[in-house]
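Produce the complete structure using the sequences and hints provided.
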Amino acid sequence: MTDSKYFTTTKKGEIFELKAELNSDKKEKKKEAVKKVIASMTVGKDVSALFPDVVNCMQTDNLELKKLVYLYLMNYAKSQPDMAIMAVNTFVKDCEDPNPLIRALAVRTMGCIRVDKITEYLCEPLRKCLKDEDPYVRKTAAVCVAKLHDINAQLVEDQGFLDTLKDLISDSNPMVVANAVAALSEIAESHPNSNLLDLNPQTINKLLTALNECTEWGQIFILDCLANYTPRDDRESQSICERVTPRLSHANSAVVLSAVKVLMKFMEMLPKDLDYYGTLLKKLAPPLVTLLSAEPELQYVALRNINLIVQKRPEILKHEMKVFFVKYNDPIYVKLEKLDIMIRLASQANIAQVLAELKEYATEVDVDFVRKAVRAIGRCAIKVEQSAERCVSTLLDLIQTKVNYVVQEAIVVIKDIFRKYPNKYESVIATLCENLDSLDEPEARAAMIWIVGEYAERIDNADELLESFLEGFHDESTQVQLQLLTAIVKLFLKKPTETQELVQQVLSLATQDSDNPDLRDRGYIYWRLLSTDPVAAKEVVLAEKPLISEETDLIEPTLLDELICHIGTLASVYHKPPSAFVEGGRGVQHKRLPARAGSGESAESPDVGQAVSAVSDAPPAVIPSQGDLLGDLLNLDLAPPTSNVPPVPSSMQMGAMDLLGGGLDSLMGDESETSASHYRTEVQSPQPPECSERELGGDVGGSPAMGVSLGGAPVGMPAGLGAAPAVGGGLGDLFDLGGGVGVTAGSYIPPKTVWLPAMKAKGLEISGTFARRSGVIHMDLSFTNKAMSVMTDFAIQFNKNSFGLAPAGPLQVLTPLSPNQTVDVSLPLSTTGPVMKMEPLNNLQVAVKNNIDVFYFSCQYPISLLFVEDGKMDRQVFLATWKDIPSENEAQFQIKDCHLNSDAASNKLQGSNIFTVAKRTVDTQDMLYQSVKLTNGIWMLAELRIQTGNPNSTEWLDSRCRGVRNASAYILVYDICCVESFEYVKMIRQQIVDNREGSSSEVPILVVGSKRDLQRHRFTQRRAISVLVKKTWKCGYVECSAKYNWHVLLLFKELLGIAVARGLRQNHASIRLQGALQRNRCSVM
Amino acid sequence: MIGGLFIYNHKGEVLISRVYRDDIGRNAVDAFRVNVIHARQQVRSPVTNIARTSFFHVKRSNIWLAAVTKQNVNAAMVFEFLYKMCDVMTAYFGKISEENIKNNFVLIYELLDEILDFGYPQNSETGALKTFITQQGIKSQLQTKEEQSQITSQVTGQIGWRREGIKYRRNELFLDVLESVNLLMSPQGQVLSAHVSGRVVMKSYLSGMPECKFGMNDKIVIDKQGKGGTTDEAGKSSGKQSIAIDDCTFHQCVRLSKFDSERSISFIPPDGEYELMRYRTTKDIILPFRVIPLVREVGRTKLEVKVVIKSNFKPSLLAQKIEVRIPTPLNTSGVQVICMKGKAKYKASENAIVWKIKRMAGMKESQISAEIELLPTNDKKKWARPPISMNFEVPFAPSGLKVRYLKVFEPKLNYSDHDVIKWVRYIGRSGIYETRC
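Protein sequence lines correspond, in order, to chains A and B.
Oh and the first sequence: position 726 is 726 in UniProt numbering, straight run, nothing missing.
Oh and the second sequence: position 142 is 142 in UniProt numbering, straight run, nothing missing.
Honestly, the hints are just simulated from the structure, not real lab data.
Heads up, some of the hints might be wrong.
[Unchecked claim] Simulated pairs of lysine to any residue, SDA-like, Cα-Cα distance not exceeding 25 Å:
#  : chain 1 : residue 1 : chain 2 : residue 2
1  : A       : LYS762    : A       : PRO819
2  : A       : LYS283    : B       : PHE259
3  : B       : LYS130    : A       : GLU213
4  : A       : LYS35     : B       : GLY12
5  : A       : LYS282    : B       : PHE259
6  : A       : LYS67     : B       : GLU304
7  : A       : LYS45     : B       : ILE50
8  : B       : LYS95     : A       : ALA251
9  : B       : LYS356    : A       : GLU213
10 : A       : LYS402    : B       : GLU304
11 : B       : LYS283    : A       : ASN212
12 : B       : LYS213    : A       : ASN212
13 : A       : LYS283    : B       : ALA244
14 : A       : LYS402    : B       : PHE259
15 : B       : LYS11     : B       : LEU107
16 : B       : LYS407    : B       : GLU275
17 : A       : LYS327    : B       : LEU287
18 : A       : LYS372    : B       : ALA361
19 : A       : LYS322    : B       : ARG44
20 : A       : LYS283    : B       : GLU275
21 : B       : LYS302    : A       : ALA251
22 : B       : LYS314    : B       : GLU275
23 : B       : LYS84     : B       : GLY431
24 : B       : LYS219    : A       : PRO246
25 : A       : LYS383    : A       : GLU360
26 : B       : LYS219    : A       : GLU213
27 : B       : LYS283    : A       : GLU213
[Said to hold, decoys possible] A few chain B residues that don't get close to chain A, going by computed Cβ distances all over 10 Å:
#  : residue
28 : HIS38
29 : VAL155
30 : SER193
31 : GLN241
32 : SER266
33 : THR332
34 : LYS345
35 : GLU350
36 : ARG359
37 : SER366
38 : PRO386
39 : GLU393
40 : VAL403
Positions of the beta carbon are idealized from the N, C-alpha and C atoms, including for glycine.
Encoded structure:
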């Protein structure tokens, strides 16, 4: 009996026939009919009309039939939700079946039916199945929780399934563990900040044990989950690495790659001088090579990953060049990837072999591959200087083959070699010229013309050659036209006597007969240059060009690090971060490599951590210096990770002070009542710091260095407001992105600071911080004895304070503290103590006693400490309260440079008990409505407006700002009708000024407003902008219209004018201008 | 995770479509057909991104298997799964063809339901699957409770690959060491790259739950034992017989942590045939054949080719199924071949001269010479001269690997290591064995 016959029925009255068959009494006939239905479903026919009839067949003891009906249900239940309810009873009954296979089948299928009404009925059976005696049912139920979460996340949380799932991690059966891990990982991905997958050394240990026993797929789930863990120190990371390395010998490539991911990540933490580090490096190479003997598709995945690994740690595979040699019948995608890796591994030691191979490849069939091979030879020449000569001769050999595309490609790369090693290989020019006629691709023609122009003095018939190109000038592509123009001008400057006619011809062709503005403008520039001052023109046009750099196609380091965390996954195949191809919030959080051990306890974000500790070294006075606050604010970590110190817009700090000072102050008067404060917060995605500066009237600088000098800033505040600077800091803290968004969860804990220096307390040093852990406020203290004698009998007491904080128990310093010893104590606090308003509001005065004396100090706690866990307000209540708040209790301020999307911000805030009550999206803004409840019952409501879609400054700029740094003159063009484009220009100018070496005023910048023809739609008056640009920025300002070619030429003149005026003769900005107009040199910003 | 799985025939008609995730719509089926199967150009990558949906595909004969996802899944896992799916289907109904798939579509849906749950691969060992998914309907009613729980514990258990209570009258096992030699040689006879990828395939017919230990002449193990011995000489003499293994991977039954710490290979084998290990060596490879090409262009219309092959192993051994493939230019018009041994023929459809020799002993030499007539063309492009490739089979392991022992312990049943009948066989085959000319 075969089933293929079911595919063939195409009659018209089919549905009716099927209906009849489905209702037949005979079991066999029924089954046949269901099979037909499934077959039609597969080919895409709509058989949903048969829903009730098929569901009727569900009540059967024939398992095969049952499975078929279930399959049908999964497909169509969504379109017929009311009918689907009919099936519920059978499901619930099946979940009680004595046969575990049927129990599992029922719970598995129920999870796939995405109908809200059904999910309600699913909860009870699922709960039972999660605790089933049979592991097969448990492992199915574990996945079912993930399914249910996908349909209704709230339900899963309410029903407590997450806890049950967590318990399954300790299950005795390894497959149950693996599935539970997979389900939890997936759920955790959609809640980046929840502490769902609570990875601690105990669970890690459980996972590592299960790793040895479960199926290959389970091992993959567990390894992928392990990769998200950040070990506490290098020893832990070494011990995990030791237990993961055996996986490298697994037959399943995915297990191997996932193990490699874990190792690559944890290796970051190992000190490089450790023996184990070296052994690990050696162990990684063989499995990676073995991956290349897998099937081609897997080879492709492996090669894409190896490409990343080679960039991150070239030492691993440096001796394995040979395995990347291309085989004749490799699929093309494998060949191209291998070639890429070969170039990355090329070094002086193996260059001979590589070249021989590349030469071989250049004779293959596939055009793309051959081109890439030829290009690779050029890249070798540029990368390994010693091999340049050999590369050039290889390229010449290839040119001799006369294969059209090989010759063209070779000429393009030879041009690059000339750029890298000027005046070295000009002897080959003659050979190149022979092939002039065969060039038909614009890139190759342009390259050839460039060569002719550049070395015109050595080519006897350069004028003839160029003239031949000129004949078909209008048929050439722009690239070639531009190149031809430049080349002829060069030629003219070198041999003025013979080529006057030629240059006039080309200039007139370019300026009069061409529609292309680029070409026309360049033509005019040359024309003017040549007619006014030929000597200067010579200096400009024939100046020395900057050498080209060798590695141009490396992945940017921060992206590379992120991709290393995604080894084995699609992200590593595409070489793009997941956010680039995954929709929605899932898995979009950025992953980071852990920091190397030794960078202090704040391993998550070493750069920021150091900045903080540096600032907080300032003497801790009774009122913390502004420096501390800035330190806290620095924790915002808002700038791209590579910059040293993120700019802190001081407006925010001020705003925060005003606001909470004002808001809370009025509340403090009648604390006993529950009232609500109400303020609006606006978070704007990245904007240049100087923007806020301007809004504030330019009174404070944007850089933290200047911020410290703000010490006296509180003076500027309205005195009656009872300023509470630390509250501002506290708010900043809440936005702390720390290291790796989403990796850390829970409320923000500031790093420990020294509260009582040893000098003031007879040798006792106290440092500490505050934390809120599972609803209890803790004061974490470190006592260090820097005196010579032993200290005992510690006790602690607080002064009355704003929120009634008091120790909940005695201070537990058990043993006497001997000299040079440090003891860490965590003191739980209650909020039931006596209340007195403090100045600032969050100040806390503390007395510590020991056997020597009593010491007093004061410290400030972050306000978020007082936010309670049940601060989520009901929506209705929120709405009502929001309306009732008097406007004097309302305040607004902005937070700048915060790279958070609304989901991440919401999660982050939730970690500190600031709850999102509702969210809506208006245009490009996300609005979050949030509620906070303080320990004394005061509610605060907030509206958080998040601007999305603003251009991100890291988007186009690499960390070293290469693009911005190299040029010598800039034209920044914006649209006079679009304020965003001007904002962007502002940002770029700031970056140019920030990243220039030397004095920034030297660099000529010309700001250009385009679309002058749309004068009526401009966003602000010309005067306003012109004043800003000319007076404040000290840049040139021109407005033009490309449509009417109005002032276009003027702006170039202007630029040259500025350049000359600034005395750049020794550096020739105008030469760079010419360079910029050439291929690859023009950066469009 | 995997959002859906589709199987297409060569025309792009969908044969099987199973969607696991809500984010995959019905239009995904068509998107893949239009953009990949019916694409004008040859497929440039096994992973395709169409409108933020990623498609992973593999092809078996003319059947396309495609997995679809919208998330950042583990790509290696998806491909491993697709291969596994092919294995499982082959184990159930033989060759993967359109007809077989249509004939078994109910079974395939059932399998897909079992081995992929919400896009997460579950147990995919055919041995285990066959205990409860059968083509002849389900025998669930006949099973006792014990049987059922045995099945589930096996499917989820630590030893998912073997069930309890297997009995054989004769305890027997077969070990096949299958190696493929890969070589790339320059025309001058210089080895550009050579490696052996080997597999140890085991067929076990053993009762109970036997504990096995496998030993081979792995250099690291032998050196370790040598050190345990008395002199360096022991190490030296064994150095000749031992081989350096670059890397090896094992079937999931092998205890990897034990291999990592002691380098001993111990396991409880699945019943029947399976692949115990794969390994790779690059050092001291015995290259069974040497190919010496000589190509001479006589004018523009004639090519003279002479190829000598030399066998390089013990004269007492016989190589079999030797085939040398000499590529010819596309504009070949006629070929005259003279060979000393075997049969040679010009195959125009494959653009090659195929020279077949049934058997050849070690340390022998044979030669073929051919005159190739070319059509005069004005095509400027030179002939790319693809390498000469070779196929053969030899009765030894070119890597030098030797099985030293395979011990079987079954403490519960009363048979000992001596009672097990063991067979070992070595086969060396050519992988990609090419000489450039």
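Verification of the hints:
1. For the hint pairing LYS762(A) with PRO819(A), the CA-to-CA distance comes to about 12 Å; that is within 25 Å, so the pair holds.
2. For a cut-off of 25 Å, the pair hint linking LYS283(A) to PHE259(B) stands: about 14 Å separates their Cα positions.
3. A distance of roughly 22 Å separates the Cα atoms of LYS130(B) and GLU213(A); the hinted pair therefore holds under the 25 Å criterion.
4. The hinted pair formed by LYS35(A) and GLY12(B) meets the criterion: a straight-line CA distance of about 22 Å does not exceed 25 Å.
5. Taking the CA atoms of LYS282(A) and PHE259(B), the gap is about 17 Å. The hint holds against a cut of 25 Å.
6. At most 25 Å may separate the alpha-carbon atoms for a hinted pair to count; LYS67(A) and GLU304(B) exceed this at roughly 66 Å.
7. Taking the CA atoms of LYS45(A) and ILE50(B), the gap is near 24 Å; set against the 25 Å cutoff, the hint holds.
8. Distance check on the hinted pair: LYS95(B) and ALA251(A) sit about 23 Å apart at the alpha-carbon level, within 25 Å; holds.
9. With a CA separation close to 49 Å, the supplied pair LYS356(B) and GLU213(A) exceeds the 25 Å bound.
10. At most 25 Å may separate the alpha-carbon atoms for a hinted pair to count; LYS402(A) and GLU304(B) meet this at roughly 24 Å.
11. Note on LYS283(B) and ASN212(A): the hinted pairing is violated, with a Cα-Cα distance of about 31 Å set against a maximum of 25 Å.
12. Using a Cα cut-off of 25 Å, the hinted pair LYS213(B) and ASN212(A) holds, with the two alpha carbons roughly 18 Å apart.
13. For the hint pairing LYS283(A) with ALA244(B), the CA-to-CA distance comes to about 15 Å; that is within 25 Å, so the pair holds.
14. Distance hint between LYS402(A) and PHE259(B) is unfulfilled; the C-alpha atoms sit about 56 Å from each other, more than 25 Å.
15. Of the pairs offered as hints, the one joining LYS11(B) and LEU107(B) holds, with about 23 Å between alpha carbons and a cut-off of 25 Å not exceeded.
16. The straight-line distance between the Cα atoms of LYS407(B) and GLU275(B) is roughly 17 Å, inside the 25 Å bound, and the hint therefore holds.
17. For the hint pairing LYS327(A) with LEU287(B), the CA-to-CA distance comes to about 18 Å; that is within 25 Å, so the pair holds.
18. With a CA separation close to 44 Å, the supplied pair LYS372(A) and ALA361(B) exceeds the 25 Å bound.
19. Taking the CA atoms of LYS322(A) and ARG44(B), the gap is about 24 Å. The hint holds against a cut of 25 Å.
20. Simply put, LYS283(A) and GLU275(B) have alpha-carbon atoms about 24 Å apart, close enough for the 25 Å limit, and the pair holds.
21. Proposed proximity of LYS302(B) and ALA251(A) is contradicted: the alpha carbons are some 50 Å apart, above 25 Å.
22. Under the criterion of a C-alpha separation no larger than 25 Å, the hint pairing LYS314(B) with GLU275(B) is inconsistent with the structure, at around 29 Å.
23. Between LYS84(B) and GLY431(B), the direct Cα distance comes to roughly 23 Å. Compliance with the 25 Å bound is thereby established for this hinted pair.
24. With a C-alpha separation of about 19 Å, the suggested pairing of LYS219(B) with PRO246(A) holds against the 25 Å cut-off.
25. Taking the CA atoms of LYS383(A) and GLU360(A), the gap is near 20 Å; set against the 25 Å cutoff, the hint holds.
26. Taking the CA atoms of LYS219(B) and GLU213(A), the gap is near 28 Å; set against the 25 Å cutoff, the hint is violated.
27. With a C-alpha separation of about 34 Å, the suggested pairing of LYS283(B) with GLU213(A) is violated against the 25 Å cut-off.
28. At roughly 16 Å, the least C-beta separation between HIS38(B) and chain A is larger than 10 Å, which holds for a residue marked as non-interface.
29. In this structure VAL155(B) is not separated from chain A by more than 10 Å, as the shortest Cβ-Cβ distance comes to only about 6 Å.
30. The Cβ of SER193(B) does not lie farther than 10 Å from every Cβ of chain A; its closest approach is about 5 Å, which violates its non-interface assignment.
31. No Cβ of chain A approaches the Cβ of GLN241(B) within 10 Å, the least distance being about 22 Å, so the stated non-interface status holds.
32. At the 10 Å boundary, the C-beta of SER266(B) stays outside the reach of chain A, the nearest C-beta of that chain being 13 Å off.
33. For THR332(B), the non-interface assignment is confirmed: its Cβ lies about 16 Å from the closest Cβ of chain A, beyond the 10 Å cut-off.
34. Non-interface status of LYS345(B) relative to chain A is upheld: no Cβ of that chain comes within 10 Å, the nearest being about 22 Å off.
35. The claim that GLU350(B) is not at the interface with chain A holds, since no C-beta of that chain comes within 10 Å of its own (minimum 13 Å).
36. For ARG359(B), the requirement that its beta carbon stay farther than 10 Å from each beta carbon of chain A is met, with the minimum near 27 Å.
37. For SER366(B), the shortest C-beta to C-beta distance to chain A comes to about 24 Å, beyond the 10 Å cut-off, and the non-interface label holds.
38. Non-interface status of PRO386(B) relative to chain A is broken: a Cβ of that chain comes within 10 Å, the nearest being about 6 Å off.
39. At roughly 19 Å from the closest C-beta of chain A, the C-beta of GLU393(B) stays outside 10 Å, upholding its exclusion from the interface.
40. Against chain A, the non-interface label of VAL403(B) holds: every CB pair exceeds 10 Å, the least being about 19 Å.
Consistency with the previously given hints fails for numbers 6, 9, 11, 14, 18, 21, 22, 26, 27, 29, 30 and 38, ordered from lowest to highest.
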